[in-house]
Amino acid sequence: MTKWNKYLPVILLALCSVSWVACTQQRQPCLTPKIASLIMETIHFKTDTSTVFVDTALPSGLFIPLTNIGIDSIKYPLGSTFTLSLSPDTTICQWRFTSDTLNAVAYYDTFTFYYQRKLQFLSNACGYTDFYSIDSVHTTHHIVDSLHIINTSVTNNVNTKHLQVYIRHNF
Amino acid sequence: MSIQSICRYIYVITFSLVTILCSSSAYAQADTARADTLSGKKVRIPDSAGHQLCLGIDMVNPVRNNFYSDRYGYEVEGDYYLRNEFYVTLEGGWGGSKVTYTDLKYTTTNTFFRLGFNKTILPRDNKKDWDMMFFGLRAAFTPIDRSAATFTILDSLWGNKTGSQGPTKFNAIWAELTGGMRVELVKGLFAGWNVRGKFLLNQKSFRNEAPLFIAGYGKGDKNAVFDFNLYISYGIRWKRKHFR
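Protein chains in written order, with this note's numbering: chain A, 1 to 171; chain B, 172 to 415.
Be aware that a few hints might be false.
[As the list claims (entries may be wrong)] Below, computed lysine-lysine pairings styled on DSBU-like, alpha-carbon distance capped at 35 Å:
#1 K161/A with K269/B
#2 K269/B with K393/B
#3 K118/A with K340/B
#4 K332/B with K390/B
#5 K75/A with K390/B
#6 K34/A with K340/B
#7 K358/B with K34/A
#8 K290/B with K34/A
#9 K358/B with K276/B
#10 K410/B with K118/A
#11 K340/B with K410/B
#12 K393/B with K375/B
#13 K118/A with K375/B
#14 K34/A with K410/B
#15 K375/B with K290/B
#16 K118/A with K161/A
#17 K375/B with K161/A
#18 K390/B with K161/A
#19 K34/A with K276/B
#20 K358/B with K410/B
#21 K269/B with K375/B
#22 K393/B with K118/A
#23 K375/B with K34/A
#24 K358/B with K161/A
#25 K34/A with K332/B
#26 K118/A with K34/A
#27 K290/B with K161/A
#28 K390/B with K269/B
#29 K375/B with K390/B
#30 K118/A with K269/B
#31 K390/B with K118/A
#32 K34/A with K75/A
#33 K118/A with K276/B
Quick caveat, the hints were computed from the structure, so don't treat them as lab data.
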């Protein structure tokens, strides 16, 4: 196999070069959401006695976390799907909500979420986060008729809806 | 396409070429010891190549250690010539990683072992020719110690949260396909390289604690990785009984 001797340096050099170039040191980018999101959908019955319901696009939904330390509120444009997050420090948190801040008389409801937390390692790129399991959700009834929990598991999967909020038909 | 992706593809292509070469050359393989038929009775012809125990160290990892500040690893290997161009191989090493990101900090250490074989795919020029082009299989195992991890969850709405998780221990098991070559530079002293395709078999068991780096394997959060080794080794030889 002596003929291989003369090719060895070239082959080694090529492979070593590839190996060294591949050795770029950097943290991989985090490509998944780092914060677990609770996704809420607003719907309403067509009439007071109807069993047919349709998506309700809120004209200018406003969500205010009552125990936050930073942002005062989250204002959404016209839409029927909203993303909230739960407090990672406690097992209860509250959000105030109104459907239309442009209206002269704004009615507010308060959602109270009861849940359990579970620490979750996402990856070395993303680190740790908290996932949640919802026990129950309570609400006041100025605008909201009722709530329906679709999925109790709140993770960083943004394609899952967790909560349906039935808006009173006269709003 | 990033440089890392290009390099990954080069690795894959190189490894594939070696594998194809192995399979196509296998037909041309002439074993030094083969079964012969004499009057319907099989007679095994003794292997005239003698015994060889080869011990080596990997030269790539010490170089890599200088490029990476967050991981290190060392590897040694040994192989023993059985017969019919089969070598039994035992490889081992140690290493670790140190994650010091702003939102995640922990360290890992592990010592690994690989057991398997190499099969030469080119015929010898003569019985003293120990150069080899080979392919091989490995089964590998390592226990991993992960220190307590401290972390910060960045949350602009509710505020950042800092915490820690206690130390853990878990095992990693993987299989390897390998191919490469080794040539005798001077009597008994060899240099050689091999490429490896590594396939993690039990990632589910530590998916929630996947370490940044597993010495002997690579990135702990990947199910399959390619790697490259460059060995300098020394062979100790002695004759077989039949040929003294």
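Checked hints:
1. K161/A with K269/B: Given that 35 Å is the threshold and the Cα spacing comes to 38 Å, the pair is violated.
2. K269/B with K393/B: Distance ~18 Å between K269/B and K393/B Cα, so the pair holds.
3. K118/A with K340/B: OK: K118/A and K340/B at ~20 Å, within 35 Å.
4. K332/B with K390/B: holds (27 Å)
5. K75/A with K390/B: violated (42 Å)
6. K34/A with K340/B: holds (26 Å)
7. K358/B with K34/A: Not OK: K358/B and K34/A at ~58 Å, beyond 35 Å, violated.
8. K290/B with K34/A: violated (47 Å)
9. K358/B with K276/B: Violated: K358/B and K276/B sit about 48 Å apart, past 35 Å.
10. K410/B with K118/A: The given pair, whose Cα atoms are some 64 Å apart, is violated under the 35 Å limit.
11. K340/B with K410/B: Since the Cα atoms of K340/B and K410/B sit roughly 45 Å apart, the hinted pair is violated (cutoff 35 Å).
12. K393/B with K375/B: holds (11 Å)
13. K118/A with K375/B: holds (19 Å)
14. K34/A with K410/B: violated (63 Å)
15. K375/B with K290/B: Roughly 32 Å separates the two Cα atoms, so the pair holds.
16. K118/A with K161/A: Distance ~19 Å between K118/A and K161/A Cα, so the pair holds.
17. K375/B with K161/A: holds (27 Å)
18. K390/B with K161/A: holds (34 Å)
19. K34/A with K276/B: holds (17 Å)
20. K358/B with K410/B: holds (15 Å)
21. K269/B with K375/B: holds (22 Å)
22. K393/B with K118/A: Roughly 24 Å separates the two Cα atoms, so the pair holds.
23. K375/B with K34/A: holds (21 Å)
24. K358/B with K161/A: violated (70 Å)
25. K34/A with K332/B: Status holds; Cα separation ~13 Å.
26. K118/A with K34/A: holds (14 Å)
27. K290/B with K161/A: With Cα atoms ~55 Å apart, K290/B and K161/A exceed 35 Å; violated.
28. K390/B with K269/B: holds (13 Å)
29. K375/B with K390/B: Holds, because 15 Å separates the two Cα atoms, which is no more than 35 Å.
30. K118/A with K269/B: holds (25 Å)
31. K390/B with K118/A: The given pair, whose Cα atoms are some 26 Å apart, holds under the 35 Å limit.
32. K34/A with K75/A: holds (21 Å)
33. K118/A with K276/B: Distance of about 19 Å is within 35 Å: holds.
Hint compliance for this structure: hints 1, 5, 7, 8, 9, 10, 11, 14, 24, 27 are not met, and every other hint is.
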